[in-house]
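Visitor: What follows is each chain in one-letter form.
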Amino acid sequence: MDFQSLLIISVGAIFVSNFVLHKFLGLCPYVGVSKQLDSAVGMGMAVVFVMSMASVVTWSIYNYFLAPTESNVLFNVFMKGQGEPPDLTYLRTITFILVIATLVQFVEMVIQKVSPGLYRSLGIYLPLITTNCAVLGVSILNIDANYNFIQSLVNGFMSGIGFTLALVLMAGLREKLEMADVPKAMRGAPIAFIMAGLMSLAFFGFVGLKF
Amino acid sequence: MRTWKEFVKGIYKENPVFRLMLGLCPVLAVSSTVNNAIGMFAAATFVLVCSNIVVASIRKFVPAKIRIPIFIIIIATFVTIVEMVMEGFFPALYESLGLFISLIVVNCIILGRSEAFASKNGVFISIIDGLGMGIGFGIAMILIATFREVLGNGTWLGIRLFGENFEPVLLMVLAPGAFLTIGFLIAFINWFENRRSASQ
Chain W
1 MDFQSLLIIS VGAIFVSNFV LHKFLGLCPY VGVSKQLDSA VGMGMAVVFV
51 MSMASVVTWS IYNYFLAPTE SNVLFNVFMK GQGEPPDLTY LRTITFILVI
101 ATLVQFVEMV IQKVSPGLYR SLGIYLPLIT TNCAVLGVSI LNIDANYNFI
151 QSLVNGFMSG IGFTLALVLM AGLREKLEMA DVPKAMRGAP IAFIMAGLMS
201 LAFFGFVGLK F
Chain E
1001 MRTWKEFVKG IYKENPVFRL MLGLCPVLAV SSTVNNAIGM FAAATFVLVC
1051 SNIVVASIRK FVPAKIRIPI FIIIIATFVT IVEMVMEGFF PALYESLGLF
1101 ISLIVVNCII LGRSEAFASK NGVFISIIDG LGMGIGFGIA MILIATFREV
1151 LGNGTWLGIR LFGENFEPVL LMVLAPGAFL TIGFLIAFIN WFENRRSASQ
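Residue numbers (this note's numbering), protein chains in the order written: chain W, 1 to 211; chain E, 1001 to 1200.
Next comes chain E alone, as it looks inside the complex:
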């Protein structure tokens, strides 16, 4: 069924972070704790789905030459909405995500999906694609955040996991830990894919 295929492809086969290598800046920056990762996942998926809806609705009227600035304006509008909602209702999350909420507007995933998919397909299937990509993005972020928070802080979502004597690996919550984690994760996925295609 086409709907299910479009939804699932964003989660593994065409995972925007691990396979398409898009939207890397927020992934590494906000994945220091799982809480931040979930917040960013919600914000980015909201912007992605809403902008996909609008772009798919107006796709027949947009002149090809100026489509990119138009997509950018649409995405920027939704990002401004998310910024204001977050500042009002989730101030703690707004403080810790800071700059990266505004940077959702230059997230390559959102502009990329508008350009590659929503501008060429109907509204319903664009929603499904947006949801799939958003969930894939979220899974990637939460996975990296899990490694970084558990090893670097001894907690997961704020719940203390190890005993009093656990010495956290401070490196993991800092910048180098993020790079190393995503490097090893992509290498693992590549290795897994190589073995799968070798055995087929």
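Just chain W, same shape as in the assembly:
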């Protein structure tokens, strides 16, 4: 197992190429949920879980059912390993989004059973993880970067951690911002975006990080 590549993926996902502040993925909950620290942490944990599971499941489905390789399950079962493996990669978008929708439904049911308080505080934002660009984004990024199984899992998990980090930082700042004197036109979303811009600028300092 190539630990160095996993370390590079981890640091890259959390700091250098943070999903929210650099790749612009996962912005809708970022502006919506980040008003309080507790709900931000809960949302972050849910997203980490969904992103990790989604990375693993979508990677497996792509490489064993859609990609035109020798190990394609449909190729071996229906065409008995003869001729050319079928190229079903155009079904990527549809299958990935259906997998993610199912996973989110499952996570919703689990949270409702295990922690009803968290379920109530997340409210509408829990089913909205389905439309979170970060989850579908990390699935597609894993495929485009040709990661293997372990690298996809690590990338999914660490990107979720990066998203949670940005979310928690923003929530902490916004709690403090409640007591500041913000101009009327700037209250709410505009000042949140400007803070995000400044945080993004700070995270750009990590771009030179090398091993």
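None of these hints come from the bench; they were simulated from the model.
Treat the hints with caution; some may be incorrect.
Claimed, not checked - Only part of the chain E face toward chain W is listed, based on derived beta-carbon distances under 8 Å: (1) L1028; (2) S1057; (3) I1058; (4) V1062; (5) A1064; (6) I1066; (7) P1069; (8) L1180; (9) I1182; (10) W1191; (11) N1194.
As the structure is a prediction and not an experimental result, all values here were calculated from the model.
For glycine and all other residues, C-beta sits at the position ideal for the given N, C-alpha and C.
With chain W's structure known, arrange chain E on it following the hints.
Guide: Relative to chain W, chain E alone:
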């Protein structure tokens, strides 16, 4: 006239980006150049109008409990069509938009309009609503892209605007510039709206 009202509301009053705060990810990501913004506007509006047509056509037959997965499948189908057309006919645009064409499927605007409007109204008015929202989305993206490209690159749609000695503000085409631009734009619109309602 109802048609005109539905069309215009998506452009200013209920602009999906500046007022409803939907579909933010692609707006900030592809608005680094005006060319990309126009490409994304075309792709997203196509998907929005087509999926509105299909959803409005089948709205009487869709069981309420599974409507969201059905909408998602419809939208994903059109996004796959757009992906393939772009890869074939506009490869340069496909390269620069990359991931965000696939991400049109999770664009909250499209799913939101299917859920809030197309599933409850007829086909023609859904087309009008889709067009209005798409144009509002496009105007927002092109506006942000104009600021970012002019200040960050000295060009607009590739046309060089300033002289040789212009030092572009590199920050604007990078991530922080996007956040700052949209923050100030929304603040300006809020300020404008506050003054309008205060003077009435």
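Visitor: Against this structure, judge whether each hint is valid.
Guide: Evaluation of the provided hints:
no.	hint	result
1	L1028	holds (5 Å)
2	S1057	violated (20 Å)
3	I1058	violated (18 Å)
4	V1062	violated (16 Å)
5	A1064	violated (15 Å)
6	I1066	violated (11 Å)
7	P1069	holds (6 Å)
8	L1180	holds (4 Å)
9	I1182	holds (5 Å)
10	W1191	holds (4 Å)
11	N1194	holds (6 Å)
Of the numbered hints given earlier, the model fails hints 2, 3, 4, 5, 6; all others are met.
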